[in-house]
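S.K.: The primary structure of each chain is shown beneath.
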Amino acid sequence: MNKLKLGLYWGAGCGGCEIAFLEIHEKILTLLERVEIVFAPCFIDVKYADLRAMPDGSIDACFYNGAIRNDENEAIARLLRRKSKLLIAYGACAVMGGIPGLANMHTAGEILERIYKTTESTDNPSGILPEPSSSIAEGRDIELAEVRPQAKALRQVVAVDYFMPGCPPTEKQTWRVCEDLVEGRLPLPGSIVGAGERSVCAECPREKRGTKIKAFKRPHEVTPDGETCLLEQGLLCMGPATRSGCEALCPRVNMPCRGCYGPAGREKDQGAQMIGVLGSVIDHDDDGALSAALESVIDPAGTFYRFSLPTSSLGRSRSPARKRRLP
Amino acid sequence: MCTGRIDPQFILSAYQKGMDGVLICGCHPGDCHYISGNLGAQVRFELLKKTLVQLGLEPERLRLEWISAQESEKLADVVLDMTERVRALDLLDWPDLDYEDNLVDTNLDTIQREVEP
Numbered sequence: 003m004n005k006l007k008l009g010l011y012w013g014a015g016c017g018g019c020e021i022a023f024l025e026i027h028e029k030i031l032t033l034l035e036r037v038e039i040v041f042a043p044c045f046i047d048v049k050y051a052d053l054r055a056m057p058d059g060s061i062d063a064c065f066y067n068g069a070i071r072n073d074e075n076e077a078i079a080r081l082l083r084r085k086s087k088l089l090i091a092y093g094a095c096a097v098m099g100g101i102p103g104l105a106n107m108h109t110a111g112e113i114l115e116r117i118y119k120t121t122e123s124t125d126n127p128s129g130i131l132p133e134p135s136s137s138i139a140e141g142r143d144i145e146l147a148e149v150r151p152q153a154k155a156l157r158q159v160v161a162v163d164y165f166m167p168g169c170p171p172t173e174k175q176t177w178r179v180c181e182d183l184v185e186g187r188l189p190l191p192g193s194i195v196g197a198g199e200r201s202v203c204a205e206c207p208r209e210k211r212g213t214k215i216k217a218f219k220r221p222h223e224v225t226p227d228g229e230t231c232l233l234e235q236g237l238l239c240m241g242p243a244t245r246s247g248c249e250a251l252c253p254r255v256n257m258p259c260r261g262c263y264g265p266a267g268r269e270k271d272q273g274a275q276m277i278g279v280l281g282s283v284i285d286h287d288d289d290g291a292l293s294a295a296l297e298s299v300i301d302p303a304g305t306f307y308r309f310s311l312p313t314s315s316l317g318r319s320r321s322p323a324r325k326r327r328l329p
Numbered sequence: 135m136c137t138g139r140i141d142p143q144f145i146l147s148a149y150q151k152g153m154d155g156v157l158i159c160g161c162h163p164g165d166c167h168y169i170s171g172n173l174g175a176q177v178r179f180e181l182l183k184k185t186l187v188q189l190g191l192e193p194e195r196l197r198l199e200w201i202s203a204q205e206s207e208k209l210a211d212v213v214l215d216m217t218e219r220v221r222a223l224d225l226l227d228w229p230d231l232d233y234e235d236n237l238v239d240t241n242l243d244t245i246q247r248e249v250e251p
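Chains as they are written, first to last, in this note's numbering: chain R, 3 to 329; chain G, 135 to 251.
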């Protein structure tokens, strides 16, 4: 039997998605009866040159995880697009930009400046910044990937066939998608796979009582009871604005949902969706109570867009330097 | 429509379609036909504003005012004042279509042609 050729690649990610893929454990043996992994720098010995040598379209399906943060991520994404029949954005970073996408709250210059010059633990008296190309003592030039001005999701760089959200996607969902892939049961290209259509609340066993709250508490400030809705206990749980599919993993263990499956249903902007929800959760009878509630939301952009800033309406922080003057 | 029906996405869409400022006018607290529609709107407005200001939007571009049907003068004053404040700002470039390679080409054929052989 002809085996499907599978690729796995990591862009700007943490490596967790590779681990998540291997979390199917011994089922990988069953999978390997049907597929052959031809490109996966994390766990097989393969180089970019081998990938370039493959004929176009020779990889049947490629799982790409991680955001597009530097020119290497981008070049390999384009190369993999050409070599793959199906390109699957695997994990929150590839689907929406993910945690690396939070970098869009600053310019690349500000980030380099902070990391290499001004962090409290930095010892860099001559202010050296990483250069894309530099000469070393042996007289050879070495090349480094260059940081792009903005972090992006995979679909902001190349066409993507399937989107599989999650930070990381759960083992069950990974296995389900692998099975659908080898059986040829995947839905129409462009679909979100390995996730539900409703919100995390639909899978969450906690009870909603309609309690309104005055202000939010942070997870370390409160021990929630195991029964009632976390939002109603004053924890900023993103569940109502997050796609189902994880079986409410976090709320089940007293941790508010962080929103890694992206906006629920047909919504495009997770932050707007969440703010819409909070309008009917916060109780205020005067402006003083409202400002107390507002103050308790310490980092709204980073909370509501924790995984989705690059693909949100705004995409990134507006920088004063890029403003245009009135004509 | 009741301010309670204003989804934050409506406001973002207005900016995306080229508006430079968004003014939301609603009934005074206590006057709501639906009891608390305007109070919910106030929470959404304040949260959205805090988020957008954190992301670099000028606070003058988003405003909420309680104006009843009797307060025609207040409406005129608020509209004039808001227009003036927004006019004093730069054009709102949202989304940054001129921003380097921000335009996404989702057409597979074009992308494949673009890739170097």
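For the record, the hints were derived by calculation from the structure and aren't laboratory data. Given the structure is predicted, the values throughout are model-derived calculations rather than measurements. Glycine included, every Cβ here is placed at the ideal spot set by N, Cα and C. Among the clues, some could well be false.
Heads up, incomplete: computed chain R residues facing chain G, CB under 8 Å, no partners named [what the hints assert, rightly or not]:
1. Phe45
2. Val48
3. Gly281
Cross-link-like lysine-lysine pairs, in silico, DSBU-like; alpha carbons within 30 Å at most [stated by the list, open to error]:
4. R/Lys87 <-> R/Lys119
5. R/Lys210 <-> R/Lys270
6. R/Lys5 <-> R/Lys87
7. G/Lys151 <-> R/Lys270
8. R/Lys7 <-> R/Lys29
9. R/Lys49 <-> R/Lys29
10. R/Lys5 <-> R/Lys174
11. R/Lys7 <-> R/Lys219
12. R/Lys119 <-> R/Lys7
13. R/Lys270 <-> G/Lys208
14. G/Lys184 <-> G/Lys208
15. R/Lys210 <-> G/Lys184
16. G/Lys184 <-> R/Lys216
17. R/Lys7 <-> R/Lys49
18. R/Lys214 <-> R/Lys87
19. R/Lys49 <-> R/Lys87
20. R/Lys214 <-> G/Lys151
21. R/Lys219 <-> G/Lys184
S.K.: Each of the hints needs a verdict: does it hold here or not?
M.R.: Structure-based check of each hint:
1. Phe45: Constraint on R/Phe45 not satisfied, violated at 26 Å.
2. Val48: Violated, because the Cβ-Cβ distance from R/Val48 to chain G comes to roughly 20 Å (cut-off 8 Å).
3. Gly281: 4 Å, holds
4. R/Lys87 <-> R/Lys119: Since the Cα atoms of R/Lys87 and R/Lys119 sit roughly 44 Å apart, the hinted pair is violated (cutoff 30 Å).
5. R/Lys210 <-> R/Lys270: 25 Å, holds
6. R/Lys5 <-> R/Lys87: Roughly 14 Å between the alpha carbons, so the hint for R/Lys5 and R/Lys87 holds.
7. G/Lys151 <-> R/Lys270: Judged against 30 Å, a Cα distance of about 15 Å means the pair holds.
8. R/Lys7 <-> R/Lys29: 17 Å, holds
9. R/Lys49 <-> R/Lys29: Satisfied, since the Cα-Cα distance of roughly 26 Å is no more than 30 Å.
10. R/Lys5 <-> R/Lys174: 22 Å, holds
11. R/Lys7 <-> R/Lys219: Violated. R/Lys7 to R/Lys219 sits at ~48 Å, over the 30 Å cutoff.
12. R/Lys119 <-> R/Lys7: 45 Å, violated
13. R/Lys270 <-> G/Lys208: 36 Å, violated
14. G/Lys184 <-> G/Lys208: 25 Å, holds
15. R/Lys210 <-> G/Lys184: 27 Å, holds
16. G/Lys184 <-> R/Lys216: Holds: G/Lys184 and R/Lys216 sit about 17 Å apart, inside 30 Å.
17. R/Lys7 <-> R/Lys49: Between R/Lys7 and R/Lys49 the Cα gap is close to 16 Å, so the pair holds against 30 Å.
18. R/Lys214 <-> R/Lys87: Distance of about 50 Å is beyond 30 Å: violated.
19. R/Lys49 <-> R/Lys87: Distance of about 20 Å is within 30 Å: holds.
20. R/Lys214 <-> G/Lys151: 34 Å, violated
21. R/Lys219 <-> G/Lys184: 18 Å, holds
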